[in-house]
Structures are given as structure tokens and as C-alpha cells.
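Chemist: Whatever position you read off the sequence shown (first residue = 1), add 2 for my numbering.
Just so you know, these hints were derived from the structure itself, not from any lab. Here the structure is a predicted model, which means the values were calculated and not measured. Quick reminder that beta carbons are idealized off the backbone N, C-alpha and C, glycines included. The reader is advised that the hints may include incorrect statements.
Stated by the list, open to error - Below, in silico cross-link-like pairs of lysine-lysine (DSS-like), each with a Cα-Cα straight-line distance of 30 Å or less:
no., residue 1, residue 2
1, 306, 408
2, 323, 306
3, 540, 346
4, 540, 569
5, 396, 133
6, 408, 396
7, 323, 396
8, 408, 14
9, 396, 540
As the list claims (entries may be wrong) - So the derived label-pair ranges between C-beta atoms look like this:
no., residue 1, residue 2, range
10, 315, 525, 25 to 33 Å
11, 442, 535, 27 to 35 Å
12, 531, 443, 51 to 59 Å
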Amino acid sequence: MESVHESAPAAKILVGVSLDARASSQLLSWAVTVAARPNDTVIALHVLAVRKAEKRLKSERSSLRQAQASVISAVGEFAGVCQTKRVKLEAKVRTCSSVGEGLADEAALVEANLLVLRSRNSFEIVRYCLKNAPEGCSIVGVDVDVDVDVQALPRKDGDVDSLTYDDNNSSSSSRLTYKDNNNNMVNALSPLRKFFGSTSKRERRHSSSESICEKESPRGVLEGPEAASTPADDCSSSSSSVVGRRSHTNNWRRLSVARLFFPLPPSPEDSISMEGDACSSYAEEVKPSWRCFSYEEISRATNKFHPDNLVGRGGFAEVFKGSLRSGQNVAVKRLAKGEGDQLKEKEFLVELGILGHVRHPNTANLIGCCIENGLHLVFDLSCNGSLASALHSKHGRVLEWSARYKIAIGIARGLHYLHKCCRHRIIHRDIKASNVLLGADFEPQISDFGLAKWLPKQWTHHSVIPIEGTFGYLAPEYFMHGIVDEKTDVFSFGVLLLEIVTGRRPADTSKQSLLVWAKPLMQSGRIAELADPKLEGKYDMDQMQRLVVTASYCVRQSSIWRPPMSKVLGLLTNDRDSVEAQIRSIPECQVDEMDDYNLATDCSLDY
Numbered sequence: 003m004e005s006v007h008e009s010a011p012a013a014k015i016l017v018g019v020s021l022d023a024r025a026s027s028q029l030l031s032w033a034v035t036v037a038a039r040p041n042d043t044v045i046a047l048h049v050l051a052v053r054k055a056e057k058r059l060k061s062e063r064s065s066l067r068q069a070q071a072s073v074i075s076a077v078g079e080f081a082g083v084c085q086t087k088r089v090k091l092e093a094k095v096r097t098c099s100s101v102g103e104g105l106a107d108e109a110a111l112v113e114a115n116l117l118v119l120r121s122r123n124s125f126e127i128v129r130y131c132l133k134n135a136p137e138g139c140s141i142v143g144v145d146v147d148v149d150v151d152v153q154a155l156p157r158k159d160g161d162v163d164s165l166t167y168d169d170n171n172s173s174s175s176s177r178l179t180y181k182d183n184n185n186n187m188v189n190a191l192s193p194l195r196k197f198f199g200s201t202s203k204r205e206r207r208h209s210s211s212e213s214i215c216e217k218e219s220p221r222g223v224l225e226g227p228e229a230a231s232t233p234a235d236d237c238s239s240s241s242s243s244v245v246g247r248r249s250h251t252n253n254w255r256r257l258s259v260a261r262l263f264f265p266l267p268p269s270p271e272d273s274i275s276m277e278g279d280a281c282s283s284y285a286e287e288v289k290p291s292w293r294c295f296s297y298e299e300i301s302r303a304t305n306k307f308h309p310d311n312l313v314g315r316g317g318f319a320e321v322f323k324g325s326l327r328s329g330q331n332v333a334v335k336r337l338a339k340g341e342g343d344q345l346k347e348k349e350f351l352v353e354l355g356i357l358g359h360v361r362h363p364n365t366a367n368l369i370g371c372c373i374e375n376g377l378h379l380v381f382d383l384s385c386n387g388s389l390a391s392a393l394h395s396k397h398g399r400v401l402e403w404s405a406r407y408k409i410a411i412g413i414a415r416g417l418h419y420l421h422k423c424c425r426h427r428i429i430h431r432d433i434k435a436s437n438v439l440l441g442a443d444f445e446p447q448i449s450d451f452g453l454a455k456w457l458p459k460q461w462t463h464h465s466v467i468p469i470e471g472t473f474g475y476l477a478p479e480y481f482m483h484g485i486v487d488e489k490t491d492v493f494s495f496g497v498l499l500l501e502i503v504t505g506r507r508p509a510d511t512s513k514q515s516l517l518v519w520a521k522p523l524m525q526s527g528r529i530a531e532l533a534d535p536k537l538e539g540k541y542d543m544d545q546m547q548r549l550v551v552t553a554s555y556c557v558r559q560s561s562i563w564r565p566p567m568s569k570v571l572g573l574l575t576n577d578r579d580s581v582e583a584q585i586r587s588i589p590e591c592q593v594d595e596m597d598d599y600n601l602a603t604d605c606s607l608d609y
């Protein structure tokens with residue numbers, strides 16, 4: 003039977019999403035991870051209900067921009083997974099007189115094979131889609147709120163395929179079947195509960211907004227990378243459940259035009275337990291707090307992107323400072339024009355998708371975005387620039403020790419939040435001094451999530467090609483083998499700690515690696531020789547020792563000997579007795595790492 007799936011043509015899966023970020027994420031998660039297979043296309047569509055297409059009010063234009071930004075954020079979460087699975091990902095927003103009409107019209111327009119809806123959508127929406135969806139398009143209703151609720155609804159021609167749900171009092175034996183016209187029983191869908199665990203009631207999150215639709219073809223807001231033509235990231239997992247799902251991925255293809263409604267099982271993140279106050283203090287909001295700006299607003303704020311307002315430039319983006327009409331100072335990140343637009347759009351999508359779900363004092367605060375005349379992200383302006391400029395500026399004042407220690411702790415808190423406290427584990431992949439912004443009172447904020455990766459709970463790591471990041475900060479297993487997990491960021495953080503302590507770049511002007519230089523000094527305990535000469539001995543010795551000891555653990559060659567960020571944070575913040583207990587709990591390295599460091603850092607000499 004599996005060979006039948008392999009030979010089946012690529013499918014188009016249309017997912018009706020709302021402005022409820024949580025529900026949209028769950029629908030897309032099912033579509034991407036369960037229904038889609040390589041070369042399929044998943045289209046996230048939001049339909050915005052308007053009164054008259056020819057007379058769009060200013061408020062409706064604003065709603066359209068907000069909807070576009072919301073859909074981009076929703077699909078951004080799955081950009082990496084789609085690239086891995088070689089699934090094309092699209093985001094669309096269209097306007098129409100009713101949501102049901104917009105969904106049915108789009109299904110016909112793109113020749114969708116599957117339409118995924120919330121089963122608790124408005125009855126009128128569901129009924130319209132059942133009556134008007136094109137022949138050959140199966141409709142799946144996913145209930146994100148309650149336990150199993152399977153029902154068959156008739157098509158407009160009265161030709162009803164009968165559905166049977168057989169529980170047998172066992173979630174492991176539950177099956178969903180339907181009868182075709184020849185009265186043959188066909189396995190329609192093995193229960194997802196078998197792979198995700200038992201279902202449980204969830205608090206209802208009701209989206210009151212209904213959407214609207216023009217007859218002309220809407221354009222995609224953003225498209226994911228063309229999986230067929232670009233090499234995908236090769237993601238590995240130790241979990242058998244991921245492999246186990248593959249055999250059930252395409253069972254919906256046997257449904258012909260059957261209309262199905264079944265519950266969405268709990269997503270893995272629902273079972274994540276928040277670890278201590280560091281997590282519980284910053285619980286995520288369901289809805290993003292940012293908004294979609296018009297191009298006119300951000301152009302006015304930056305004085306038409308005047309060169310005098312340029313405060314930073316990277317490989318793919320330029321950053322301009324500006325001021326909104328409200329008086330709020332902002333930084334506008336604009337994607338640079340040039341080659342590689344698909345890659346830029348992917349990174350924009352990933353960064354927006356991740357930042358839209360991140361809420362912590364030590365991560366960059368996204369205010370909004372703009373997708374008119376290019377792609378733009380709008381952040382709070384960090385009044386003290388970046389950590390790199392504070393440490394290495396030839397003309398600026400010396401960064402005092404108290405500020406350095408505060409910055410180190412803040413970065414550790416931000417990374418711990420990303421690794422342990424988010425709804426999804428986030429691996430930043432590009433922790434470095436220039437990606438740490440300094441706000442008022444030198445409170446650090448981790449920024450630039452363009453290379454970040456979502457790491458599903460059941461996965462041990464990503465295996466990524468090509469290798470991206472900044473030489474000098476790259477963990478050995480990442481640089482040499484493309485392996486990415488939380489310990490990748492821990493290594494980079496260790497290098498950053500040494501940079502904070504010494505005032506040296508990962509590779510200085512003499513092309514000497516910071517790690518190679520610092521290793522013997524750390525081993526012999528010559529702390530005074532590690533300290534930045536610009537400090538002139540004005541530092542707290544206990545704090546200095548904490549940073550150096552913590553850095554020595556973080557930059558261990560093998561990732562299995564590095565502590566997680568929870569222990570790193572404890573080393574930096576706990577009292578001495580607790581720190582000594584934590585140090586005893588960290589296993590001793592069983593290898594001599596000196597030669598390994600030389601191997602791992604030779605690549606950084608051209609930094």
C-alpha cells in the first residue's frame with residue numbers, strides 16, 4: 003500500500019486559518035507534519051470579509067495588512083520543517099463577501115486536493131464549503147477544542163459516503179473508515195492519538211473575526227523555498243514516533259470526496275512543563291502583540307530611509323533608526339535588494355514567525371512589520387547599540403564590569419527562555435556580540451533570528467546543510483557535521499562570555515583564535531591575564547571567576563559535556579554554595595581537548 007502513496011502525484015493542501023494564532027498553528031501543524039508529503043504544497047489562506055470590494059475603507063485596508071502579517075507569522079513557524087520535508091509553503095490573504103465563498107473559490111482556483119478547516123468554524127462556513135468545494139477536494143475538519151467528534155456531512159448532490167468511527171474502547175485500536183460506492187470498507191485515517199498521546203479537552207479559544215473575498219486570483223503574501231529545486235535541511239530525530247507517522251501521512255488521499263471531521267490531538271508543546279520562575283514569569287500570549295505598519299508610516303518615521311538614519315548593515319538587511327508619530331523610537335530592519343531574494347524571504351519569514359511568539363525582556367521586542375514595497379521588521383530602538391560596539395569601539399567609553407556582568411546574565415536568561423520556556427524549543431544558531439542589543443541600563447536583548455530553528459520536542463537535533471553562522475562562535479559539531487541543538491548555542495555563549503571578559507574578538511587582528519589563546523590561561527587559573535586590560539583591574543573577582551568557570555564548561559569540545567542553559571544560568575546567579583553543588587553535578591571531561599580546540603578553531607582564523 004505504501005507504494006501507492008509513493009506514486010501518487012503531488013497534492014495541494016489548503017488550510018483555512020484565522021487570526022487566532024494558536025488555532026492556526028495547530029491546523030498548519032497537522033497539515034504540514036501529518037497530511038503533507040514531499041513535493042506537496044501547503045497553502046495557508048485567511049479570508050477577510052469586506053462590504054464592497056470596489057470601495058475599501060481605510061480600516062479595511064489596515065485589517066488586510068494585519069491579516070497578511072498574521073498569516074506570515076503563522077506559516078513562519080513551519081518554514082524550516084517544510085524545507086526539510088520538501089514541502090512548498092505559501093501564505094495568502096484574499097477578500098470576499100463571505101468566508102465560506104472565499105475558501106471554496108480558492109480551493110477551485112488552486113485545484114486543492116484537501117481543504118483543512120476547524121470543525122468548530124461557523125456552521126455557515128462549513129456548510130458552504132461542503133456544498134461548493136470542487137469535486138475531488140476532500141474536506142477535513144479538525145477540532146482543536148474537544149475530544150473525538152467524528153461526523154459525516156452530505157454533499158450537495160445527496161451522494162453520501164458513510165463513515166464509521168470504531169473506538170473499541172482503545173485509543174490504539176481506533177480507526178476511521180468509510181464505504182465507497184462499491185460498499186468496500188476502506189481505511190481512511192488511523193487515529194493520530196496513537197502517535198501524539200491521548201486527547202484532552204482544551205480551553206476554547208474563540209475567534210470572533212470572520213473574513214471576506216474577491217473573485218480575482220489573490221497573490222501569495224510570501225512563498226516558502228521551492229523544495230524540488232533547492233537542497234533541504236536534513237533534520238534528524240531519535241524519536242521513533244516521527245518515523246512512525248510517515249506511514250500514516252497520506253491516508254487522507256484515499257478519501258476521494260469524503261468529508262471528515264476529527265479532533266486534533268494535543269501538540270507536543272502542550273505537555274512542556276515550565277521550569278522554574280525563569281519560565282513561568284514570561285508565559286507566552288496566544289495573540290501576537292505586534293501590528294502591521296503601512297509603508298507610509300515607516301517611511302515617514304525614517305525620513306524616507308535617509309542614509310543619515312542608517313545604523314547597521316548585514317549580509318541581507320539594513321537597519322534604520324526612526325521615530326513614530328507617537329514619539330516611540332524604533333529600528334526598522336529592511337531586507338537589502340539584490341540577488342538571493344528567495345533566501346531573504348525565507349529568513350524574513352522565519353524571523354517574523356519566531357519573534358511573533360517570543361516574549362521576554364532579554365529578546366528583541368518586535369513592534370510590527372511591513373510587507374509593502376519590500377519586507378520590513380520594526381523593533382524597539384536599543385539606545386546603547388550592540389554589545390560588539392560597546393566592547394570594541396575605539397572611540398567609545400569603556401564598558402564597566404558591572405554592566406558586563408549584567409549583560410552576561412541577561413543573555414543567559416534569554417537563551418534559557420528560548421531553549422526551555424517557549425512553546426517550541428528555539429535554537430538561535432547565531433549568538434554573537436553584534437546580535438546582542440543593549441537597551442536602557444544596558445539590559446541585553448538577543449536579536450537577529452534569521453538563522454533560528456524550531457526544534458520539535460521529540461527531536462534530539464537538526465542536521466543542517468549548508469553551515470551558516472559566524473566563524474569563531476560555531477560549535478565544533480555544527481561546523482564539522484552540521485549538528486544543531488541547544489548545546490550549539492551554549493558553545494557560542496561560552497565564546498561570548500570570553501569576549502566579555504577579555505575584550506577580545508573571537509579572532510583578533512593578529513588572526514589568533516580567542517579559544518586557543520584563552521585555553522591555557524583558564525586551565526592554569528591565571529584569571530588576571532584573561533581580564534580586559536581596559537578595565538584596569540576594576541572588576542569583582544568572584545564574578546570574574548564565575549564567568550571564566552562558566553565559559554570553560556560551555557566551550558567544551560564535545561556537546562555532551564557542556565551544561566544546559568538552566569545550569570549555566572545557575573552558575574551565574576546562584577549563591578556560592580549552590581554554585582559549588584552545581585559544579586560538582588557537571589561531569590568532568592574525559593578527554594584532553596587541546597588538540598580538538600585547534601581543530602575546531604582553525605576555521606576561524608580567517609574571521
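Chemist: Taking the numbered hints from earlier one at a time, note which ones the structure violates and give those numbers from smallest to largest.
Modeler: 1, 3, 5, 8, 10 and 12
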